[in-house]
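If you want our numbering, it's the position in the sequence shown, counting the first as 1, plus 276.
Everything labelled a hint here was simulated from the structure, so no lab data went into it.
All C-beta atoms, glycine included, are put in the ideal place defined by N, C-alpha and C.
Any given hint might turn out to be false.
[To be verified] Pairs of lysine-lysine, DSSO-like flavour, derived with a Cα cap of 30 Å:
{"id": "1", "residue 1": "K505", "residue 2": "K572"}
{"id": "2", "residue 1": "K544", "residue 2": "K517"}
{"id": "3", "residue 1": "K567", "residue 2": "K293"}
{"id": "4", "residue 1": "K421", "residue 2": "K341"}
{"id": "5", "residue 1": "K454", "residue 2": "K380"}
{"id": "6", "residue 1": "K544", "residue 2": "K569"}
{"id": "7", "residue 1": "K482", "residue 2": "K455"}
{"id": "8", "residue 1": "K348", "residue 2": "K421"}
{"id": "9", "residue 1": "K467", "residue 2": "K454"}
{"id": "10", "residue 1": "K569", "residue 2": "K554"}
{"id": "11", "residue 1": "K467", "residue 2": "K348"}
{"id": "12", "residue 1": "K530", "residue 2": "K467"}
{"id": "13", "residue 1": "K341", "residue 2": "K280"}
{"id": "14", "residue 1": "K554", "residue 2": "K535"}
{"id": "15", "residue 1": "K309", "residue 2": "K467"}
{"id": "16", "residue 1": "K516", "residue 2": "K538"}
{"id": "17", "residue 1": "K504", "residue 2": "K516"}
{"id": "18", "residue 1": "K455", "residue 2": "K348"}
{"id": "19", "residue 1": "K517", "residue 2": "K505"}
{"id": "20", "residue 1": "K309", "residue 2": "K280"}
{"id": "21", "residue 1": "K380", "residue 2": "K517"}
{"id": "22", "residue 1": "K516", "residue 2": "K505"}
{"id": "23", "residue 1": "K348", "residue 2": "K375"}
{"id": "24", "residue 1": "K530", "residue 2": "K516"}
{"id": "25", "residue 1": "K530", "residue 2": "K505"}
{"id": "26", "residue 1": "K569", "residue 2": "K516"}
{"id": "27", "residue 1": "K421", "residue 2": "K375"}
{"id": "28", "residue 1": "K530", "residue 2": "K554"}
{"id": "29", "residue 1": "K569", "residue 2": "K375"}
{"id": "30", "residue 1": "K447", "residue 2": "K482"}
{"id": "31", "residue 1": "K482", "residue 2": "K454"}
{"id": "32", "residue 1": "K572", "residue 2": "K538"}
[As the list claims (entries may be wrong)] Restraint-style ranges between C-beta atoms, simulated for each label pair:
{"id": "33", "residue 1": "K504", "residue 2": "D478", "range": "48 to 56 Å"}
{"id": "34", "residue 1": "R349", "residue 2": "K517", "range": "31 to 39 Å"}
{"id": "35", "residue 1": "Q417", "residue 2": "K641", "range": "45 to 53 Å"}
{"id": "36", "residue 1": "D478", "residue 2": "E599", "range": "44 to 52 Å"}
{"id": "37", "residue 1": "E648", "residue 2": "Q289", "range": "23 to 31 Å"}
{"id": "38", "residue 1": "D513", "residue 2": "E588", "range": "21 to 29 Å"}
{"id": "39", "residue 1": "P350", "residue 2": "N298", "range": "30 to 38 Å"}
{"id": "40", "residue 1": "L278", "residue 2": "A450", "range": "37 to 45 Å"}
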Amino acid sequence: MLFKNISLNMPIQRALKDAGYNEATPIQERSIKPLLEGHDLLGCAQTGTGKTAAFALPILEGLSKAPAVKGKRPIRSLILAPTRELAIQIAESFETYGKYLNLKTTVIFGGVSQNPQTSILSRGVDILVATPGRLLDLINQKYIKLSEVEFFVLDEADMMLDMGMIHDVRKIIAFLPKKRQTLFFSATMPKEIATLADSILDHPVKVEITPVASTVDTIRQSVYHVNKKNKISLLMDLLKKEDIDRVLVFSRTKHGADKIVKELLRNKFEAQAIHGNKSQNARQLALKNFKEKITKILVATDIAARGIDVEELSHVIIYDLPEVPETYVHRIGRTGRAGLGGAALSFCDTEEKHLLRDIEKLIRKAIPVVEEHAYPLVDMPVEPKTDTRSYASSKPSRNQQRGSSQQTDSRGSSRSGRNDSRRNSYSQKKKAV
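Based on the sequences and whatever the hints tell you, model everything.
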């Protein structure tokens with residue numbers, strides 16, 4: 277469906293045309309109409325499906341139809357997001373789509389001084405995009421009131437569960453008016469998330485786009501079996517050989533991401549890391565450089581990557597396989613967006629083979645294995661025992677082991693003796709029984 281055929285006002289249509297939006301994605305096509313009619317919505321959609329526009333456009337339409345009273349600008353729309361990157365991205369989308377409307381949008385998140393944020397809030401905003409922790413903090417400080425919210429969006433709810441934010445989310449919901457339109461989005465629907473959705477939605481329209489277990493067909497997936505110590509060498513080898521425009525490399529830990537970047541820089545590869553330990557300015561600079569192709573290699577952890585939305589990302593490299601198989605789908609979904617092709621290359625060492633099996637079970641297909649590469653996996657042999665004496669004759673009894681430990685441990689030897697007496701006494705009683 278073309279956007280020009282959707283019932284959105286002319287200022288929004290004009291902004292969409294400026295941004296190059298012509299045809300709605302499936303989630304936009306199925307969500308915008310019921311939202312314009314005032315229904316609550318439960319959306320199950322993974323990243324890259326266009327869900328930000330799916331909820332932003334109807335909210336902008338609704339707010340513009342009933343502008344705030346002159347001189348009074350209360351918060352009328354609240355969008356909760358799990359990470360600062362995603363919150364910033366959502367706020368930028370609202371500003372893009374609503375640039376011809378007399379509506380004010382701001383974003384708040386933790387990790388930075390609250391003073392600039394509270395200063396903007398004091399002047400009044402229509403649309404607030406926030407992370408739960410900072411929002412709850414400013415509510416408790418009386419800087420924010422949510423009593424006039426008309427539209428409430430909970431985005432990436434499953435990620436909030438993973439990050440331990442659901443308790444804060446429930447507290448925030450208690451400050452909202454009961455009469456409101458609620459939009460709930462989650463890439464997966466674990467039991468706790470489904471329960472939360474049931475408790476806050478009123479007869480919602482349900483929209484499910486690209487279930488998490490089905491990966492995007494346009495993405496070329498492959499796996500390289502490699503020893504853990506050779507992963508960095510394999511990564512550099514692929515960076516030299518593959519036709520890579522930009523690549524997002526996933527590390528399991530923040531320390532691991534920094535270590536990868538350090539090795540890449542040492543070998544003359546331009547790379548930057550993005551994760552929770554980086555300052556907000558450093559994270560935004562790294563993301564800006566990546567989007568503008570100043571840096572073509574970005575190493576990220578999963579939490580930080582939730583806010584990364586880069587068009588035409590050619591490659592994703594999964595340096596460490598994720599512990600949760602659904603995370604694999606989120607990771608590779610960073611490429612192959614808007615129907616474009618992309619490649620997802622995964623590394624798998626010996627200790628990660630069970631994680632690979634879990635992923636393949638979830639997506640219901642085997643990921644093609646690249647057999648020919650410079651660093652094939654070599655299973656390390658088990659070291660033989662150096663003691664060649666007969667096992668039966670040489671193995672000490674438990675009491676002998678205890679005695680030995682008593683001789684070598686000068687601290688508390690009398691305590692060990694008392695313990696042995698108790699054990700022997702217990703053993704004799706047990707035999708008698």
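Outcome of the hint check:
1. K505 x K572: Roughly 24 Å separates the two Cα atoms, so the pair holds.
2. K544 x K517: Within the cut-off at roughly 15 Å; holds.
3. K567 x K293: holds (22 Å)
4. K421 x K341: Answer holds: K421 to K341 is near 22 Å, not above 30 Å.
5. K454 x K380: Roughly 24 Å separates the two Cα atoms, so the pair holds.
6. K544 x K569: Holds: K544 and K569 sit about 17 Å apart, inside 30 Å.
7. K482 x K455: holds (20 Å)
8. K348 x K421: holds (13 Å)
9. K467 x K454: Holds, at about 24 Å.
10. K569 x K554: Holds - the C-alpha atoms of K554 and K569 are around 20 Å apart, at most 30 Å.
11. K467 x K348: violated (41 Å)
12. K530 x K467: Measuring from Cα to Cα gives roughly 29 Å; hence the hint holds.
13. K341 x K280: holds (18 Å)
14. K554 x K535: holds (14 Å)
15. K309 x K467: holds (28 Å)
16. K516 x K538: holds (17 Å)
17. K504 x K516: Holds, at about 20 Å.
18. K455 x K348: holds (20 Å)
19. K517 x K505: Satisfied, since the Cα-Cα distance of roughly 20 Å is no more than 30 Å.
20. K309 x K280: holds (13 Å)
21. K380 x K517: violated (47 Å)
22. K516 x K505: The hint holds at about 19 Å.
23. K348 x K375: holds (20 Å)
24. K530 x K516: holds (25 Å)
25. K530 x K505: holds (18 Å)
26. K569 x K516: holds (17 Å)
27. K421 x K375: holds (25 Å)
28. K530 x K554: Given that 30 Å is the threshold and the Cα spacing comes to 9 Å, the pair holds.
29. K569 x K375: Distance of about 26 Å is within 30 Å: holds.
30. K447 x K482: Answer holds: K447 to K482 is near 25 Å, not above 30 Å.
31. K482 x K454: Given that 30 Å is the threshold and the Cα spacing comes to 20 Å, the pair holds.
32. K572 x K538: holds (15 Å)
33. K504 x D478: 48 to 56 Å: holds (50 Å)
34. R349 x K517: 31 to 39 Å: violated (55 Å)
35. Q417 x K641: 45 to 53 Å: holds (51 Å)
36. D478 x E599: 44 to 52 Å: violated (36 Å)
37. E648 x Q289: 23 to 31 Å: violated (52 Å)
38. D513 x E588: 21 to 29 Å: Cβ of D513 to Cβ of E588: about 24 Å, so the range 21 to 29 Å holds.
39. P350 x N298: 30 to 38 Å: holds (35 Å)
40. L278 x A450: 37 to 45 Å: holds (41 Å)
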